[in-house]
Amino acid sequence: MQPLLKVENLGKQYPARKSARAIDNFAALDAVSFSIAPQTTLALVGESGSGKSTLALCIACLETPTSGKIFFEGIDVTALDQNRQLLLRPQIQLVFQDPASSLNPRWTALDIVSEPFLVQRRFSKPDRAVRALQLLDRVALPRKLAGRPVGELSGGQKQRLAIARALALEPKLIILDEALSALDCSVQAQIANLLVELQSSLGLTYLFITHDLAMAAHLADHVAVIQRGRIVESGPARKILSSPTHDATRSLLAATPRLFESPREPVSF
Amino acid sequence: MKPLLEVESLHVSYSARTGEVCPALAGVNFSLNPGEILGVLGESGSGKSTLASSLLRLLPANGKVEKGSVHFEGKNLLEASAHDLRKIRGGRVGLIFQEPTSSLHPTLQVGRQVSDVLAAHENLDRLALQQKTSNLLASVFPADADRISRSYPHELSGGQRQRVLIAQATACSPSLIIADEPTASLDPTTQQEIVQLFRALRQNLGLAMILITHNPALLAGLADRILVLYAGRVAEIGPTSRVLSSPQHPYTAALLRCLPSHLADDGAPRKPRLNIIPGDAPDLSLQGTGCRFEPRCTERMEVCILNEPAPVVSGELHEVSCFKFAG
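Going down the list, the protein sequences come from chains A and B. At position 127 of the first sequence (counting the first as 1) the number is 141 in the numbering used here, and the numbers step up by one without a gap. At position 240 of the second sequence (counting the first as 1) the number is 364 in the numbering used here, and the numbers step up by one without a gap.
Everything labelled a hint here was simulated from the structure, so no lab data went into it. A few of these clues could be false.
Chain A regions said to be covered by chain B (calculated; three or more residues, Cβ under 8 Å) [said to hold, decoys possible]:
1. 143-156
2. 172-179
3. 206-220
Only part of the chain A face toward chain B is listed, based on derived beta-carbon distances under 7 Å [claimed, not checked]:
4. Leu159
5. Pro163
6. Leu167
7. Ala203
8. His225
9. Ala228
10. His232
11. Thr259
12. Ala262
13. Leu266
14. Ala269
All C-beta atoms in this analysis are idealised placements derived from N, C-alpha and C, irrespective of residue type, glycine included.
Generate the whole structure from the sequences, applying the supplied hints.
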């Protein structure tokens with residue numbers, strides 16, 4: 015079966031000033047390759063600064079890679095011109111870590127989920143309202159919150175709203191960039207369950223970027239570990255996270271806090 | 125041993141613009157011994173940040189301590205003069221609040237920001253100030269403290285900024301540090317480094333800490349005791365290992381069950397659903413009777429609807445506020 019997303023040798027360099035005279039290039043991504051099968055979840059794990067968010071932006075066509083290719087449903091996205099890329103955008107959506115800064119706090123919940131329809135010029139006005147309310151239902155946000163400004167919603171409610179917005183254009187792939195990290199533990203569990211349910215009912219594919227390995231082990235089918243812009247290890251989630259082969263994976267696992275072991279004890283699997 | 129900090133019957137409320145008074149903390153009691161680390165475990169709306177602010181009277185204008193006392197080193201902070209409070213904040217008590225990025229001045233070098241704390245509390249000449257600042261930064265940045273000293277906050281990583289805040293908080297050799305979500309938004313490796321740093325500070329400086337977080341796993345290797353806060357009330361308080369391995373309060377038990385299971389590959393099929401706590405965090409503006417957790421509690425009884433449970437001893441140094449244990 016053709017992967018939904020295939021990333022081949024992706025590179026992204028940023029110019030960085032080395033000294034007063036020399037500009038060097040900083041490689042945020044270096045020869046990154048992986049693929050995601052339809053209706054599965056790939057967790058991308060790595061430390062801060064490893065390139066995870068840069069990769070998310072490249073896949074969502076919000077950054078242009080300096081080298082390599084990205085194939086979405088077999089189409090080479092990197093070779094498309096701007097206009098054709100724009101047509102593809104609705105299929106790949108992003109949910110960010112901090113709903114407080116990714117959602118306008120003065121807009122109402124309804125405004126937020128309707129915005130994609132307006133930008134893409136879809137549906138008539140009454141249709142948009144109906145569909146917007148249906149999206150709120152999908153993420154179990156009570157309709158009575160529809161008219162409330164986003165600033166008044168709780169963290170969990172805001173994140174549900176961000177997911178509803180991501181669903182508006184019926185995407186195939188959703189990139190979740192640390193989407194659960196800022197939430198309380200009990201709320202993380204609720205949102206994780208929502209994501210699993212949506213994946214099954216809507217046939218969604220997820221790229222789940224996180225440094226929470228326990229959540230990655232729970233949600234993901236496959237895991238790719240990124241370190242300094244390179245994928246150092248990848249494979250089935252449970253296998254990689256229980257028997258890691260690369261030091262980067264091992265040290266992330268060792269650093270993951272556990273309820274019952276002192277972090278100083280050697281981790282045994 | 126005389127406790128370093130004794131909080132008794134603390135009640136704090138906020139007034140809304142409409143004039144409505146909303147209770148944020150109701151009857152919080154706990155004490156802290158010198159060199160002890162108390163973890164305050166609470167989710168959004170539990171009152172944890174209110175607790176941090178109210179201990180040193182840093183509540184916003186619409187916040188008010190309705191009653192109670194906070195005795196620190198024998199002195200009731202709630203009755204202390206403004207002059208005494210200024211000396212205590214940053215001096216005897218170090219504070220580390222959330223969001224290192226917004227706690228640091230964006231256009232001052234971090235070395236200067238650390239020496240400012242010293243200058244505010246201690247009478248040091250320029251040379252002594254420089255030396256002490258240098259030592260402080262070296263204690264949190266074992267390598268390249270000099271380079272870090274000359275950096276601006278935006279040039280540092282999240283973990284480095286957090287270390288600067290820790291240097292500021294420990295500058296005047298306090299006996300207590302209050303840290304509110306000090307490792308939120310840091311990746312696991314950096315989190316571990318900060319945890320090791322806290323352990324070293326406790327060991328080397330005999331520092332007591334109140335560590336506020338919503339992440340139970342963070343407290344596992346660090347806190348001596350855990351206080352579980354729910355809806356502004358102490359649900360449970362006890363030794364860390366006991367609270368985490370045999371939680372007494374239904375909220376604590378439900379919260380710990382929500383966590384994705386341990387990473388071991390035990391061959392069990394992946395559970396499609398995590399356990400959740402049904403319902404939402406309580407709306408503190410709604411005055412109610414009875415136990416605040418009752419609407420979401422799977423073990424609720426008749427008595428829980430009308431009455432609020434008082435704390436009851438349920439084990440060694442372990443107290444829980446729940447009718448399951450009363451009488």
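Hint by hint, which ones does the structure fall short of?
-> 1, 2, 4, 5, 6, 11, 12
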